[in-house]
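Engineer: If you want the building blocks of each chain, they are given just below.
4 protein chains.
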Amino acid sequence: MPDFTIETLGKCAVDSPLKLAEDSGSGIPVFVPEDHYIYYNIEHVLGSRADGQPPLSRDQLLEVAGPRQKIYFSPSHVHAGVVTCGGLCPGLNDVIRAIVRSLWHLYGVRRISGIRYGYKGFLPEYGLEVVPLDPDVVDDIHKIGGTMLGTSRGGGDRTSEIVDTIEQLNLNILFAIGGDGTQKGALAIAEEIERRGLKIAVVGIPKTVDNDIEFVEKTFGFDTAVVKASEAVAAAHMEAHSQINGIGLVKLMGRDSGFIAVQTVLAVHEANFVLIPEVPFDLEGPQGFLSMLERRLSRRGHAVIVVAEGAGQHFFHQEVAYDASGNRKLGDIGLYLKDQIQAYFSEKHIEINLKYIDPSYMIRSAIAEPIDSMYCERLGNNAVHAAMAGKTKMLIGLVNNEFVHIPIRAATSKRKQVNPEGSLWRDAIEATQQPVQMVNPK
Amino acid sequence: MPDFTIETLGKCAVDSPLKLAEDSGSGIPVFVPEDHYIYYNIEHVLGSRADGQPPLSRDQLLEVAGPRQKIYFSPSHVHAGVVTCGGLCPGLNDVIRAIVRSLWHLYGVRRISGIRYGYKGFLPEYGLEVVPLDPDVVDDIHKIGGTMLGTSRGGGDRTSEIVDTIEQLNLNILFAIGGDGTQKGALAIAEEIERRGLKIAVVGIPKTVDNDIEFVEKTFGFDTAVVKASEAVAAAHMEAHSQINGIGLVKLMGRDSGFIAVQTVLAVHEANFVLIPEVPFDLEGPQGFLSMLERRLSRRGHAVIVVAEGAGQHFFHQEVAYDASGNRKLGDIGLYLKDQIQAYFSEKHIEINLKYIDPSYMIRSAIAEPIDSMYCERLGNNAVHAAMAGKTKMLIGLVNNEFVHIPIRAATSKRKQVNPEGSLWRDAIEATQQPVQMVNPK
Amino acid sequence: MPDFTIETLGKCAVDSPLKLAEDSGSGIPVFVPEDHYIYYNIEHVLGSRADGQPPLSRDQLLEVAGPRQKIYFSPSHVHAGVVTCGGLCPGLNDVIRAIVRSLWHLYGVRRISGIRYGYKGFLPEYGLEVVPLDPDVVDDIHKIGGTMLGTSRGGGDRTSEIVDTIEQLNLNILFAIGGDGTQKGALAIAEEIERRGLKIAVVGIPKTVDNDIEFVEKTFGFDTAVVKASEAVAAAHMEAHSQINGIGLVKLMGRDSGFIAVQTVLAVHEANFVLIPEVPFDLEGPQGFLSMLERRLSRRGHAVIVVAEGAGQHFFHQEVAYDASGNRKLGDIGLYLKDQIQAYFSEKHIEINLKYIDPSYMIRSAIAEPIDSMYCERLGNNAVHAAMAGKTKMLIGLVNNEFVHIPIRAATSKRKQVNPEGSLWRDAIEATQQPVQMVNPK
Amino acid sequence: MPDFTIETLGKCAVDSPLKLAEDSGSGIPVFVPEDHYIYYNIEHVLGSRADGQPPLSRDQLLEVAGPRQKIYFSPSHVHAGVVTCGGLCPGLNDVIRAIVRSLWHLYGVRRISGIRYGYKGFLPEYGLEVVPLDPDVVDDIHKIGGTMLGTSRGGGDRTSEIVDTIEQLNLNILFAIGGDGTQKGALAIAEEIERRGLKIAVVGIPKTVDNDIEFVEKTFGFDTAVVKASEAVAAAHMEAHSQINGIGLVKLMGRDSGFIAVQTVLAVHEANFVLIPEVPFDLEGPQGFLSMLERRLSRRGHAVIVVAEGAGQHFFHQEVAYDASGNRKLGDIGLYLKDQIQAYFSEKHIEINLKYIDPSYMIRSAIAEPIDSMYCERLGNNAVHAAMAGKTKMLIGLVNNEFVHIPIRAATSKRKQVNPEGSLWRDAIEATQQPVQMVNPK
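Residue numbers (the numbering used here), protein chains in the order written: chain A, 1 to 442; chain B, 1 to 442; chain C, 1 to 442; chain D, 1 to 442.
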């Protein structure tokens with residue numbers, strides 16, 4: 001278990017301008033005390049060695065997010081920057097809007113700058129101007145998909161130049177909205193800031209449509225992704241159901257983690273196979289996927305398959321390459337499966353009608369669904385509270401349904417994955433009724 | 001804290017037909033052991049008396065839901081009944097579908113009966129036939145709102161007659177989908193069953209669009225309700241924003257608990273006032289709501305107000321009456337506020353344009369959003385696992401993001417409410433920027 | 001049949017800046033010649049007196065809309081104004097956007113002003129500033145409901161003051177987006193302009209969610225209204241279908257004309273009664289509506305009723321009063337029916353469960369559906385083409401699927417209504433299966 | 001101009017069971033007299049040779065659809081069949097539902113059979129059973145996409161075998177729902193029926209998501225297709241707008257006709273180029289598309305391109321091949337453009353970010369939007385009226401906003417296309433602001 005201790009820039013000596021209660025009992029919201037934590041691990045086995053024992057070391061505790069009574073920055077001195085990095089994700093504009101409105105309305109901060117097109121916006125060769133942000137500028141952006149600041153992949157490794165620009169802009173808070181690579185970049189930036197002896201808070205808001213940030217229960221945009229993915233799977237089902245031996249094949253996002261695929265399968269109720277990176281499967285052989293697909297077709301006349309983009313990578317014998325975000329390039333499992341299925345049934349002279357759907361860009365650019373909007377609003381609020389309290393090298397996460405502070409180092413230590421032995425995967429294969437394993441005995 | 005111990009019908013001696021792993025390590029989903037629990041209370045204050053101490057008594061532990069390796073009922077002997085009671089709620093059909101499919105496909109149960117129109121369907125004077133349920137019958141019902149079984153309010157107090165019918169039907173499992181009143185009825189039925197020495201499992205799935213079941217993090221249909229409510233508030237905002245001194249007033253559901261109102265305000269970002277049952281407010285006086293509304297109008301030219309139906313009941317001096325579900329009849333705060341606002345500004349000769357929206361029936365009858373469908377699927381699965389294991393007088397709930405078993409008695413002991421001192425309400429009033437309190441000093 | 005001749009400000013002597021073809025044959029779009037017309041009346045009875053005769057006088061011909069090769073205004077001299085009046089309607093922002101973009105991009109007009117809050121924006125006592133409009137300002141407004149200019153009812157009768165302001169602003173084109181009252185106001189404004197010897201084009205874009213502008217096939221926002229109304233009727237059906245003797249009652253817009261009610265009933269397939277202003281009906285008596293409703297309930301156990309707000313006004317014996325838009329105030333037929341139905345069945349001791357839905361404000365404030373957006377885009381383009389060609393006292397309409405110019409005087413001469421003997425009403429009652437007449441014989 | 005005369009099976013001697021009025025004046029819907037027609041061509045050029053002349057020969061007149069007072073078939077003797085062929089299209093289930101309900105409720109027909117999986121369902125080797133249809137079976141199918149009967153391509157050329165099956169089933173009405181190929185097949189079937197001296201009415205309902213049936217103003221499903229396509233283009237715009245030199249490229253349906261592409265571009269307001277089969281364009285050269293794209297990018301930093309699948313086929317030098325529906329196989333212009341764009345900018349060392357979206361299957365399987373549902377309802381009603389009156393070899397179309405009868409031979413004589421010189425294309429290029437022509441001078 002990693003260290004969950006949150007770093008701060010220094011002592012909080014400024015009174016918060018928020019009009020909240022100091023202590024409970026007044027009937028109005030209270031400031032969050034610095035000693036409030038929640039348990040990370042909530043599982044308990046009766047009669048186990050742990051039973052009746054103090055179950056928690058400090059490592060198991062996560063700091064609760066929210067406004068502090070004493071803050072680090074004097075609001076009138078703050079110049080905050082916001083940057084969005086990596087691929088699009090529903091809710092980016094909602095988070096930007098929440099940050100700007102919280103800074104402005106709650107704390108009275110009047111200098112807020114948007115950095116354009118991701119970390120590249122800090123680099124001199126792009127010559128990009130910052131965008132001044134205020135509540136009027138962001139008023140309606142949540143009704144529009146994408147990010148009003150623009151985004152790009154890469155650039156986050158040019159830490160020194162980025163901090164040069166941060167110094168030139170005279171920022172003392174940086175909000176970095178992005179995925180694993182972005183947060184690692186943010187950490188490196190914060191370390192360079194520290195090295196230079198500067199007092200600049202770096203607070204991350206994790207953004208990954210794959211929902212694969214470790215320790216974080218759910219990243220923003222994920223619910224919207226499931227909604228949109230569900231439409232695609234419903235379409236595939238309609239196509240499959242209306243054809244003789246119809247097969248609908250949908251490739252969903254999920255490089256290392258099959259969360260979107262799994263939740264979509266649970267949401268739609270109409271997929272018959274779900275294939276994810278965490279669970280290996282064979283194509284050929286009596287227990288392999290193709291054989292199981294044939295059995296399903298002969299029994300029901302149609303089939304719907306959902307595959308996460310990172311599934312079945314062992315079928316590709318390519319050299320390892322990486323994109324600008326530092327993500328390993330994947331073999332295209334969707335097209336591969338499509339070809340393999342067609343070849344298999346063609347060889348057997350069985351007529352099939354396969355329709356292949358890849359809805360990924362329609363998912364990424366979607367406007368956030370209300371559930372995500374709500375979440376983004378709260379993430380943004382809490383990120384502002386953390387930054388104003390001088391917390392740094394941390395991000396805002398939801399754990400056990402509570403907003404907490406998580407050190408970036410901990411959250412980027414590994415990717416969160418679907419547990420193949422756990423209840424989520426269990427419910428998914430109960431929903432599809434696919435075999436518990438599609439691997440041939442050796 | 002109430003007792004969380006789950007009652008069972010007897011010893012589980014039947015091998016589950018599910019093909020899951022006995023122990024972890026095999027890479028496939030495992031049966032849930034009977035000794036697996038989670039903590040209910042996850043808060044921890046550093047340095048408090050509890051720090052470093054065994055924090056948990058048995059009362060703090062909730063039994064984890066899921067399939068057991070040994071079950072109580074032999075599937076071939078099972079005749080399961082399903083009943084839906086009370087007002088409509090998005091997801092009812094999804095839950096019915098999940099129960100039927102889990103019983104049929106996972107356990108091989110072949111006798112499943114739907115009771116029509118709620119508890120009234122058990123009463124002889126209605127003469128209602130049961131509906132035979134199988135996977136074909138329920139195949140597409142999740143694409144349609146409402147409940148395929150029909151529903152009604154009341155009837156749950158005629159316990160003896162209901163159990164007579166249950167005996168005549170020879171049911172050994174009853175799934176009761178409904179709210180607080182329905183669950184209390186289910187408990188009374190289970191107690192009557194016990195009194196008669198019968199072995200019939202009664203398992204509840206809590207249904208309340210208000211999300212006010214104690215201990216349960218979120219009830220199904222709630223997310224869909226927020227989505228639909230958000231559309232109404234967005235409409236109110238458009239109307240208000242397009243008129244001179246435009247006021248949009250939206251009444252949302254929430255008899256005792258303002259969860260829908262609060263979450264909608266967080267989702268939409270465009271309300272300026274949210275009024276809920278948990279937080280008292282004055283209308284008149286310098287700190288009262290009307291004065292604050294006038295201030296808002298003079299500053300911005302429009303205002304959006306969200307009010308939960310149970311808010312401000314102290315304005316009504318009516319006799320207490322109850323509807324068939326046993327709910328106290330409420331004064332209509334929406335129309336009351338509308339009149340008060342119009343009178344206030346009329347007296348001040350200020351032209352306003354007020355539009356009043358009450359979207360409640362459009363919310364209740366909505367088709368479940370994918371996030372809710374997913375949740376319903378898992379609730380239904382877990383309800384079946386519990387019932388097959390002979391658990392009774394309990395319902396399925398989500399706590400700290402885990403599916404658990406909760407005794408009906410505990411869950412109906414009181415209503416869950418928004419904590420006026422907590423982070424949810426804090427974020428809501430940060431979103432609206434309304435005053436922390438709208439009560440005049442005495 | 002009224003006179004369809006279109007008035008112009010004078011001779012068109014300026015070359016259009018549009019790069020279109022003069023004549024057909026070049027494979028690129030052509031300017032619309034001034035002598036192009038379409039037939040208004042397309043019906044023909046074989047063997048009738050008209051058969052084989054020249055069927056058309058000039059009165060039967062409508063001028064085709066579109067860009068002219070010679071225009072009246074020199075674009076660099078144009079200052080155009082845009083005003084939106086009356087209730088909200090989906091698509092207002094789309095029309096504003098299309099007008100601004102066409103003026104700017106096609107003709108190079110650089111001075112465009114939005115008048116705020118309807119005709120009141122011209123009146124000195126409101127002291128409202130105009131909004132400078134350009135493509136950037138309107139870029140995203142179509143993603144938001146309402147009107148970015150604001151709107152109000154009334155004020156259009158203060159013609160002299162309005163024209164004073166138009167002169168002060170030095171406008172030479174005015175686009176008036178609004179319903180019957182707004183267009184009558186626009187005509188009065190144009191007449192006052194003429195009286196003063198000014199050369200200012202007044203072009204209307206008819207806006208009425210009721211779709212009741214004479215000669216115009218369909219007004220913008222109507223399709224969106226049907227989409228949203230359909231959701232309400234579907235909700236009513238779900239409620240009705242899930243209850244014992246469930247009745248869903250939906251009141252839709254339609255003061256004088258039942259188009260929304262009729263088209264919604266055809267779209268949803270699930271209503272059992274549709275009541276519109278054009279078709280009288282009795283409540284009581286053996287052939288009356290209540291008796292028919294009882295018959296439906298006893299046969300099917302539920303019923304859905306759609307009523308246009310202007311239906312059944314003969315039940316109200318109130319004095320005639322008018323609102324600020326000059327519309328006669330209506331008795332509330334929705335609540336009246338609700339009460340009558342409840343009283344009827346209560347007297348007969350028949351348990352019913354009635355749910356009443358009035359979705360009107362959620363309809364008016366909706367974002368335009370794509371079909372409407374497309375239509376708004378084309379209406380706006382054609383309005384600009386007409387204005388630049390110096391046409392005035394006219395509006396843009398769709399007739400027989402072609403965009404044409406219609407004199408405001410003709411279009412406001414009476415309201416368009418559903419023909420009770422025609423195919424639309426016939427299809428509607430075939431869809432509901434209601435009796436062809438619900439009137440008792442005298 | 002083709003012959004618009006409608007063929008019938010014989011004299012109509014049976015009284016219609018519909019309770020409509022014989023003549024106008026009664027205030028209730030009237031039967032449509034056999035001599036009612038509408039003009040097809042409504043254009044008129046003032047002062048032209050035609051001016052003042054009888055403009056119409058019989059060839060210009062289309063028979064008005066609707067119920068006849070005298071019908072051909074005695075309802076109790078009717079056995080009607082319904083078949084859906086070709087690719088999916090929104091609204092198929094709505095049309096099936098309307099046909100079944102009209103036959104059943106209006107005419108009292110009690111034998112209605114659905115043929116499974118298109119024309120293949122008539123062929124003996126598939127051994128497919130027919131599906132008995134009644135109002136209960138079709139009650140909720142309109143809430144589900146696809147076709148409840150299933151569909152397939154091809155088989156329509158095996159006329160003799162199909163008519164054998166029709167005889168065995170003892171059908172006397174066949175409703176054929178499908179596109180150009182299906183209707184040609186239906187005509188061949190009707191001719192074979194005639195050859196055998198049988199009295200079987202064959203009535204088509206044209207189904208083509210491309211909207212390319214000659215004479216028919218709009219085919220069902222088209223509006224829904226535009227709605228769904230608009231979502232894809234909006235997504236492409238979001239992606240393009242959020243990236244440095246972002247390019248969104250969307251391929252839409254439209255083999256021979258660019259209607260979906262053109263209407264979508266008008267609906268979305270955010271595309272910068274639309275490429276359709278009817279309008280040729282160059283890729284290379286100073287006036288070519290790539291050069292224009294570069295210009296757009298350098299000016300605005302992003303671009304959205306909509307291309308119909310049949311556009312630019314002159315770039316492919318492949319042999320002509322056909323699919324099972326008899327459609328010519330097309331080169332994939334979407335992927336081709338993607339490659340060409342990437343190569344062009346790569347060579348110029350300009351960084352672009354291109355996202356390619358192909359939403360076709362999500363469009364085809366969509367549930368019909370309310371506007372389409374309404375249209376399907378009326379198409380189905382009118383098809384039943386025509387068939388009961390013994391009309392054959394014809395289909396139902398909408399022309400100049402009226403439902404009419406069109407001979408299949410006329411409607412399949414050629415494909416309807418976007419007129420590159422007309423107002424629709426003009427408005428489209430005004431919306432995109434693309435050059436009027438992208439062809440280099442020779």
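Hints should not be assumed to be uniformly reliable.
Here are the simulated PhoX-like pairs of lysine-lysine, each with C-alpha atoms no more than 25 Å apart in a straight line [to be verified]: (1) B:218 x A:218; (2) A:442 x B:19; (3) A:329 x D:329.
If you want a taste of the chain B side facing chain D, the calculated C-beta under 7 Å gives, among others [said to hold, decoys possible]: (4) 137; (5) 140; (6) 143.
Derived from the structure by calculation, the hints contain no laboratory data. Beta carbons are placed, not taken as given, at the ideal position from N, Cα and C, and that holds for glycine.
Engineer: Hints first: check each against the structure and report whether it holds.
Structural biologist: Against the structure, the hints come out as follows:
1. B:218 x A:218: holds, 15 Å
2. A:442 x B:19: It holds: about 20 Å lies between the C-alpha atoms, which stays within 25 Å.
3. A:329 x D:329: violated, 33 Å
4. 137: violated, 12 Å
5. 140: holds, 6 Å
6. 143: holds, 5 Å
Hints 3, 4 from the earlier list are contradicted by this structure; the remaining hints agree with it.
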